[in-house]
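Engineer: Sequence:
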Amino acid sequence: MRRLQTAAGILALLFLVGCAMAPTAEKEKAFGSEPVVKPADKGVTPPLIVGDFALLSEGIALLSRPDRPDPTKARSVFASLLQSHPKSRWRSAAETFIRLIDEAEVSLKVNQREHLLLEKAQTEQNRLLKENDHLKKTIRDLTERLQVETAALISENEQLKKDLQRLKLLEIELQKRERMLR
Numbered sequence: 001m002r003r004l005q006t007a008a009g010i011l012a013l014l015f016l017v018g019c020a021m022a023p024t025a026e027k028e029k030a031f032g033s034e035p036v037v038k039p040a041d042k043g044v045t046p047p048l049i050v051g052d053f054a055l056l057s058e059g060i061a062l063l064s065r066p067d068r069p070d071p072t073k074a075r076s077v078f079a080s081l082l083q084s085h086p087k088s089r090w091r092s093a094a095e096t097f098i099r100l101i102d103e104a105e106v107s108l109k110v111n112q113r114e115h116l117l118l119e120k121a122q123t124e125q126n127r128l129l130k131e132n133d134h135l136k137k138t139i140r141d142l143t144e145r146l147q148v149e150t151a152a153l154i155s156e157n158e159q160l161k162k163d164l165q166r167l168k169l170l171e172i173e174l175q176k177r178e179r180m181l182r
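In the numbering used here, the protein residues as written are 1 to 182.
If you're looking for bench data, these hints aren't it; they were derived computationally from the structure.
Source: prediction; values computed, not measured.
Check each hint, because a few of them may be wrong.
[To be verified] With a straight-line Cα cutoff of 20 Å, these simulated PhoX-like cross-link-like pairs (lysine-lysine) come out: (1) 120 with 109; (2) 120 with 130; (3) 109 with 73.
[Said to hold, decoys possible] Using C-beta positions, here's what the derived DEER-type ranges look like: (4) 2 with 142: 42 to 50 Å; (5) 172 with 135: 40 to 48 Å; (6) 8 with 80: 21 to 29 Å; (7) 148 with 174: 54 to 62 Å; (8) 136 with 76: 26 to 34 Å; (9) 105 with 142: 52 to 60 Å; (10) 125 with 8: 29 to 37 Å; (11) 66 with 138: 53 to 61 Å.
Even glycine gets a Cβ: it sits at the ideal position worked out from N, Cα and C.
Make the full structure from the sequences, and use the hints.
Structural biologist: Take a look at the structure:
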């Protein structure tokens, strides 16, 4: 889900920035191409001058790597574009990329936190389900014991009723014998 959100965000950014990336032929002729520094000698390396468009392209390339995008490096590239080229026409695109990278990081952290909360909730739910099953088993056992004891008490009660009835009959017979003996 996070990758889908990140991919959608990057795709939207690329779509927004894509219109401004390739200048038309007239604009390119009017502005000219960026100056190229040529080395004076073959043994001397030229100083590294990176243009604003090159920085923007590098940041976008870091974000759109198929194997693994690197938003942290891309953010630093966009930040260096903002610092080294404050009047660049790519400034708003770089700011947008930085804002979206920051939002993606916040979203990732929120997603991770929610994932941890979900795992905790699932663990708690599993624990409660086990406890519920244990309580159901305990109730079932107690119900069975109660039924057995109730059946035993009913049987004992019936026996006591029969014994009481016999005692009454014996008492009546005893009274009859006493009357006869008198």
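Engineer: So the hint says 40 to 48 Å: do the beta-carbon atoms of residue 172 and residue 135 match that?
Structural biologist: 54 Å, violated
Engineer: The hint says 54 to 62 Å between residue 148 and residue 174; measuring C-beta to C-beta, is that right?
Structural biologist: 38 Å, violated
Engineer: Verify the CB-CB distance for residue 125 and residue 8 against the hinted window 29 to 37 Å.
Structural biologist: 31 Å, holds
Engineer: Hint says 52 to 60 Å; check whether the CB-CB distance for residue 105 and residue 142 agrees.
Structural biologist: 55 Å, holds
Engineer: Taking 26 to 34 Å as the hint, is the beta-carbon distance of residue 136 and residue 76 inside that range?
Structural biologist: For residue 136 and residue 76 the Cβ distance comes to about 58 Å; the hint is violated.
Engineer: Would you check the hint for residue 120 and residue 130, treating anything up to 20 Å between C-alpha atoms as holding?
Structural biologist: 15 Å, holds
Engineer: Are residue 8 and residue 80 spaced within 21 to 29 Å by their CB atoms?
Structural biologist: 26 Å, holds
Engineer: If you draw a straight line from the CA of residue 109 to the CA of residue 73, is it 20 Å or shorter?
Structural biologist: 18 Å, holds
Engineer: Residue 66 and residue 138, beta-carbon distance inside 53 to 61 Å?
Structural biologist: 57 Å, holds
Engineer: Does the Cβ pair residue 2, residue 142 satisfy 42 to 50 Å?
Structural biologist: 49 Å, holds
Engineer: Sort out whether residue 109 lies within 20 Å of residue 120, counting only the CA atoms.
Structural biologist: 16 Å, holds
Hint compliance for this structure: hints 5, 7, 8 are not met, and every other hint is.
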